[in-house]
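J.: What follows is the residue order along each chain.
There are 2 protein chains.
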Amino acid sequence: MNKQKRFLLNESELPRQWYNIQAEMVHKPLPLLSPVTKEPLTAEDLSHIFAVECARQELDQEHAWIDIPEEVQERYRYYRSTPLVRAYALEEALGTPAHIYFKNESVNPLGSHKVNSAIPQCYYCKQEGVTNVTTETGAGQWGAALSYAAKTFGLECAVYQVKISMQQKPYRSSIMRTFGATVTGSPSMSTRAGKDIITADPNHPGSLGTAISEAVELATTTPNCKYTLGSVMSHVSLHQTVIGLEAEKQMEMAGEFPDTIIACFGGGSNFAGMAFPFMRHTIKEGKKIDFIAAEPASCPKLTKGKFEYDFGDSAGYTPLLPMFTLGHTFKPANIHAGGLRYHGAGVIVSQLLKDGLMRGVDIPQLESFDAGMLFARTEGIIPAPESCHAIAATIREALACKKTGEEKVILFNLSGHGLIDMTAYDSFLNGDLVNYTPEL
Amino acid sequence: MNKQKRFLLNESELPRQWYNIQAEMVHKPLPLLSPVTKEPLTAEDLSHIFAVECARQELDQEHAWIDIPEEVQERYRYYRSTPLVRAYALEEALGTPAHIYFKNESVNPLGSHKVNSAIPQCYYCKQEGVTNVTTETGAGQWGAALSYAAKTFGLECAVYQVKISMQQKPYRSSIMRTFGATVTGSPSMSTRAGKDIITADPNHPGSLGTAISEAVELATTTPNCKYTLGSVMSHVSLHQTVIGLEAEKQMEMAGEFPDTIIACFGGGSNFAGMAFPFMRHTIKEGKKIDFIAAEPASCPKLTKGKFEYDFGDSAGYTPLLPMFTLGHTFKPANIHAGGLRYHGAGVIVSQLLKDGLMRGVDIPQLESFDAGMLFARTEGIIPAPESCHAIAATIREALACKKTGEEKVILFNLSGHGLIDMTAYDSFLNGDLVNYTPEL
Numbered sequence: 001m002n003k004q005k006r007f008l009l010n011e012s013e014l015p016r017q018w019y020n021i022q023a024e025m026v027h028k029p030l031p032l033l034s035p036v037t038k039e040p041l042t043a044e045d046l047s048h049i050f051a052v053e054c055a056r057q058e059l060d061q062e063h064a065w066i067d068i069p070e071e072v073q074e075r076y077r078y079y080r081s082t083p084l085v086r087a088y089a090l091e092e093a094l095g096t097p098a099h100i101y102f103k104n105e106s107v108n109p110l111g112s113h114k115v116n117s118a119i120p121q122c123y124y125c126k127q128e129g130v131t132n133v134t135t136e137t138g139a140g141q142w143g144a145a146l147s148y149a150a151k152t153f154g155l156e157c158a159v160y161q162v163k164i165s166m167q168q169k170p171y172r173s174s175i176m177r178t179f180g181a182t183v184t185g186s187p188s189m190s191t192r193a194g195k196d197i198i199t200a201d202p203n204h205p206g207s208l209g210t211a212i213s214e215a216v217e218l219a220t221t222t223p224n225c226k227y228t229l230g231s232v233m234s235h236v237s238l239h240q241t242v243i244g245l246e247a248e249k250q251m252e253m254a255g256e257f258p259d260t261i262i263a264c265f266g267g268g269s270n271f272a273g274m275a276f277p278f279m280r281h282t283i284k285e286g287k288k289i290d291f292i293a294a295e296p297a298s299c300p301k302l303t304k305g306k307f308e309y310d311f312g313d314s315a316g317y318t319p320l321l322p323m324f325t326l327g328h329t330f331k332p333a334n335i336h337a338g339g340l341r342y343h344g345a346g347v348i349v350s351q352l353l354k355d356g357l358m359r360g361v362d363i364p365q366l367e368s369f370d371a372g373m374l375f376a377r378t379e380g381i382i383p384a385p386e387s388c389h390a391i392a393a394t395i396r397e398a399l400a401c402k403k404t405g406e407e408k409v410i411l412f413n414l415s416g417h418g419l420i421d422m423t424a425y426d427s428f429l430n431g432d433l434v435n436y437t438p439e440l
Numbered sequence: 001m002n003k004q005k006r007f008l009l010n011e012s013e014l015p016r017q018w019y020n021i022q023a024e025m026v027h028k029p030l031p032l033l034s035p036v037t038k039e040p041l042t043a044e045d046l047s048h049i050f051a052v053e054c055a056r057q058e059l060d061q062e063h064a065w066i067d068i069p070e071e072v073q074e075r076y077r078y079y080r081s082t083p084l085v086r087a088y089a090l091e092e093a094l095g096t097p098a099h100i101y102f103k104n105e106s107v108n109p110l111g112s113h114k115v116n117s118a119i120p121q122c123y124y125c126k127q128e129g130v131t132n133v134t135t136e137t138g139a140g141q142w143g144a145a146l147s148y149a150a151k152t153f154g155l156e157c158a159v160y161q162v163k164i165s166m167q168q169k170p171y172r173s174s175i176m177r178t179f180g181a182t183v184t185g186s187p188s189m190s191t192r193a194g195k196d197i198i199t200a201d202p203n204h205p206g207s208l209g210t211a212i213s214e215a216v217e218l219a220t221t222t223p224n225c226k227y228t229l230g231s232v233m234s235h236v237s238l239h240q241t242v243i244g245l246e247a248e249k250q251m252e253m254a255g256e257f258p259d260t261i262i263a264c265f266g267g268g269s270n271f272a273g274m275a276f277p278f279m280r281h282t283i284k285e286g287k288k289i290d291f292i293a294a295e296p297a298s299c300p301k302l303t304k305g306k307f308e309y310d311f312g313d314s315a316g317y318t319p320l321l322p323m324f325t326l327g328h329t330f331k332p333a334n335i336h337a338g339g340l341r342y343h344g345a346g347v348i349v350s351q352l353l354k355d356g357l358m359r360g361v362d363i364p365q366l367e368s369f370d371a372g373m374l375f376a377r378t379e380g381i382i383p384a385p386e387s388c389h390a391i392a393a394t395i396r397e398a399l400a401c402k403k404t405g406e407e408k409v410i411l412f413n414l415s416g417h418g419l420i421d422m423t424a425y426d427s428f429l430n431g432d433l434v435n436y437t438p439e440l
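First to last, the protein sequences are chains A and B.
Going by the numbering used here, the residue at position 54 of the first sequence is 54; the numbering climbs one at a time, nothing skipped.
Going by the numbering used here, the residue at position 341 of the second sequence is 341; the numbering climbs one at a time, nothing skipped.
Think of the hints as simulated: they come from the structure by calculation, not from any bench.
All values derive from a computational prediction rather than experimental measurement.
Some hints could be false.
If several chains are the same, the list does not tell them apart, and a pair holds so long as it fits within one copy or across any two.
Said to hold, decoys possible - With a straight-line Cα cutoff of 25 Å, these simulated DSS-like cross-link-like pairs (lysine-lysine) come out: (1) Lys284 with Lys28; (2) Lys249 with Lys288; (3) Lys28 with Lys38; (4) Lys402 with Lys5; (5) Lys5 with Lys151; (6) Lys249 with Lys287; (7) Lys151 with Lys3; (8) Lys3 with Lys249; (9) Lys3 with Lys126; (10) Lys5 with Lys126; (11) Lys249 with Lys5; (12) Lys402 with Lys151; (13) Lys287 with Lys28; (14) Lys28 with Lys354.
Build the full structure now, drawing on both the sequences and the hints.
T.: Printed below as a string of structure tokens:
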């Protein structure tokens with residue numbers, strides 16, 4: 001009869017293991033170094049701030065497959081599988097011979113892929129006797145996901161949200177409060193770090209740097225409290241591989257295999273989640289796939305950054321990470337895709353980029369919103385400003401196919417919806433948005 | 001292995017016909033009357049403002065099954081089936097032996113069930129050579145759904161939004177603009193009706209009454225322009241039966257049949273959509289099901305209204321409808337569930353209520369938000385303030401089962417998510433919300 005639009009898995013077909021690409025990489029990622037001693041960090045070192053199991057996963061270069069705990073699988077079943085969707089209407093609007101598919105993570109609880117890692121991080125904390133979790137958040141996607149996951153496992157949750165973001169996007173802090181989290185604008189008077197900042201500058205608008213400092217301080221000074229992170233780290237990428245593992249089975253249902261895989265890129269977790277399960281076919285079987293990470297032109301660490309040891313945060317509190325970076329003091333322009341405003345690239349992805357297994361493309365802000373508008377008007381979903389970058393890269397590839405006549409199969413990750421970001425669309429519709437060219 | 005959480009249909013199992021309960025009702029609804037002549041209206045009369053096919057469906061008391069056009073089915077496949085979900089976490093939190101299921105219409109494009117009727121209404125307009133559609137909207141759920149559907153079929157769309165709502169919920173008008181609709185705050189200077197109102201009262205905040213007047217005027221004075229409606233009318237209820245028809249198959253997959261079916265009630269379309277397909281088993285086979293429409297205590301037309309002929313709008317422009325009503329001049333309190341602030345009940349539901357086939361329950365505002373909070377924290381979805389009423393009624397039934405020990409199967413419709421309504425949750429969390437007792 002008709003062309004099938006959506007592909008969904010039965011609960012019995014959902015992944016029971018995450019895929020740990022570290023174990024199969026030819027060139028392993030370099031070690032994380034202590035910011036103090038410059039010595040490689042052990043899982044034991046990392047477990048002072050992260051859950052023990054997350055710290056172990058972070059450095060695991062042995063096991064390609066890691067069991068998803070039964071209770072995490074149970075929570076995944078609340079919303080997974082997410083649909084794999086053939087974007088017929090977008091294809092038609094572009095007049096492309098390419099077949100465009102997207103994985104719709106926007107229908108997840110809290111509207112983005114972030115919950116895929118929030119659930120296991122909270123689960124491990126609960127298992128290890130932890131009672132409180134904390135984190136930092138900018139726009140609030142990660143903070144919202146963590147708030148829900150913490151409530152699910154009966155943990156108290158304290159989120160430090162960048163003060164200026166909290167004022168600009170009040171809906172996201174309302175969402176966190178709805179899930180019972182304590183939300184504090186950073187810098188705050190609740191930590192030593194915060195007090196120092198405020199004392200020096202009472203009007204400090206906050207940054208991810210100040211919020212990380214406060215969350216880490218809370219975790220290290222509070223009994224039974226752990227710090228959690230929504231991207232960058234390898235264990236977060238590991239948890240996100242449920243996306244790609246599902247997509248692989250769903251592409252089989254559609255009878256196709258992707259030539260091109262695209263995701264937007266901030267800290268790397270949604271890209272990793274979609275790409276790594278497919279990349280194992282490249283590593284093991286030499287399968288040719290064009291992996292494209294779409295970053296904002298205003299924060300181009302993949303295309304214009306340097307591979308070197310750098311801090312993960314702007315203040316220099318984190319371990320030294322071997323990665324592509326614009327430097328930890330780089331200040332990204334104030335684009336609406338807040339989740340992509342990050343100076344570095346995560347250690348696994350950086351190694352893969354270095355080894356030529358993937359590539360980055362730079363998307364100017366206006367092109368990203370043009371793409372998001374077209375996607376909304378054809379497929380009916382308003383994408384998050386971050387996800388608009390993946391759509392823009394997809395449209396570039398699809399239009400290239402239109403020129404060459406190639407029927408490429410393109411798969412991209414729709415990491416989240418934009419319903420909490422409508423002020424960004426408003427600005428775009430009003431002609432108030434601009435492109436930014438970074439000074440490097 | 002595990003208890004299955006979600007039930008989804010394959011595309012081949014999706015309904016190909018809507019269910020028209022009018023054809024099987026023992027006591028048919030009374031006719032709509034012309035406001036001028038007081039004579040019964042014909043489909044021909046109604047087709048002056050509605051699409052011809054919608055006007056025909058409105059009065060169809062013959063055909064129990066009406067084919068869903070192929071192009072509408074194709075658009076439904078963009079997001080249907082919606083999941084039927086077993087609310088294990090909510091059951092556990094309540095400690096109830098009841099089995100609670102909900103149909104999740106919140107993952108639809110634009111976040112509510114409204115799109116199920118917006119698509120066919122725009123399709124019929126397109127088929128009939130109409131180029132422009134118009135409507136009124138309060139909070140904006142219907143206006144957003146119509147904007148998307150209009151774009152999909154290449155129609156121009158003009159929405160009159162209640163001016164005060166437009167200011168209070170700016171995100172919804174941004175959403176409509178994203179889909180290319182023209183959004184005008186009502187009262188406006190763009191119509192004769194609007195000019196009259198503004199001239200008399202320059203600071204008029206607008207109401208559904210003013211917005212209906214303006215939209216109807218635009219439709220009747222613009223070539224190739226039709227008026228559309230998001231609830232109340234029988235053809236809207238007809239389109240929404242895809243919800244219940246899917247749910248019936250999905251309950252079969254779950255191996256259960258509902259004892260109790262619950263939906264919130266404003267104009268009646270989401271209630272009708274869920275209830276009518278199940279009610280045919282009551283009408284034809286005498287199956288006992290407890291159908292509960294959850295209305296706000298501040299607008300209790302089902303429990304405290306009178307059955308009589310009344311206008312559908314506050315200004316008295318519409319046909320006279322035979323229905324339970326609080327009177328068309330009733331001013332509902334300013335509760336956050338804007339979609340439930342309606343004085344009447346639609347003609348089919350009113351007849352069914354009169355015949356004892358269903359019942360209404362009244363939910364105070366605070367109870368509705370208590371219910372919504374518990375649902376969010378257990379099931380991970382922040383419900384629309386309207387849907388909170390269905391959840392509150394469900395919780396009442398589930399707690400009654402806890403007392404009696406009955407393992408009742410309760411099915412409710414989650415008509416939409418609350419992500420655009422976070423200010424309402426904020427007010428609740430801050431303790432600023434109150435209950436309203438209407439003066440009747």
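J.: For every hint, state whether the structure bears it out.
T.: Cross-check of the supplied hints:
1. When the C-alpha separation of Lys284 and Lys28 is checked against a cutoff of 25 Å, the pair qualifies only within one copy, where the shortest distance is 15 Å, while the shortest distance between copies is 68 Å.
2. Taking identical chains as interchangeable, the C-alpha atoms of Lys249 and Lys288 lie at most 25 Å apart only when both belong to the same chain, with a minimum of 18 Å there against 42 Å between chains.
3. For the identical chains of this complex, Lys28 and Lys38 are intra-copy neighbours only, at 19 Å inside a copy versus 82 Å across copies, given an alpha-carbon limit of 25 Å.
4. Proximity of Lys402 to Lys5 under the C-alpha cut-off of 25 Å is restricted to the intra-copy arrangement: shortest distance 22 Å within a copy versus 42 Å between copies.
5. In the homo-oligomer, the alpha carbons of Lys5 and Lys151 lie at most 25 Å apart only across protomers (19 Å), although the nearest pairing inside one protomer, at 35 Å, exceeds that limit.
6. Only within a single protomer do Lys249 and Lys287 lie at most 25 Å apart by alpha-carbon distance; the minimum there is 17 Å, versus 41 Å between protomers.
7. In this homomeric assembly, Lys151 and Lys3 come within 25 Å of each other (Cα to Cα) only across copies, at 21 Å, whereas the closest approach inside a single copy is 41 Å.
8. Proximity of Lys3 to Lys249 under the C-alpha cut-off of 25 Å is found in both arrangements, the shortest distances being 18 Å within a copy and 22 Å between copies.
9. Taking the shortest Cα distances, Lys3 and Lys126 sit within 25 Å of each other only across copies (22 Å), while inside one copy they are farther apart (45 Å).
10. In this assembly of identical chains, Lys5 and Lys126 lie within 25 Å of each other by CA distance solely across copies; the values are 23 Å between and 39 Å within a copy.
11. For the homomeric pair Lys249 and Lys5, the shortest alpha-carbon distances inside one copy (15 Å) and between copies (20 Å) are both at most 25 Å.
12. Proximity of Lys402 and Lys151 under a CA criterion of 25 Å is satisfied inter-copy only: 24 Å between copies versus 48 Å inside one chain copy.
13. For the homomeric pair Lys287 and Lys28, the shortest alpha-carbon distance inside one copy (20 Å) is at most 25 Å, but the shortest distance between copies (65 Å) is not.
14. In this assembly of identical chains, the alpha carbons of Lys28 and Lys354 lie at most 25 Å apart only when taken from the same copy (11 Å versus 73 Å across copies).
Going through the hint list in order, the structure satisfies each hint without exception.
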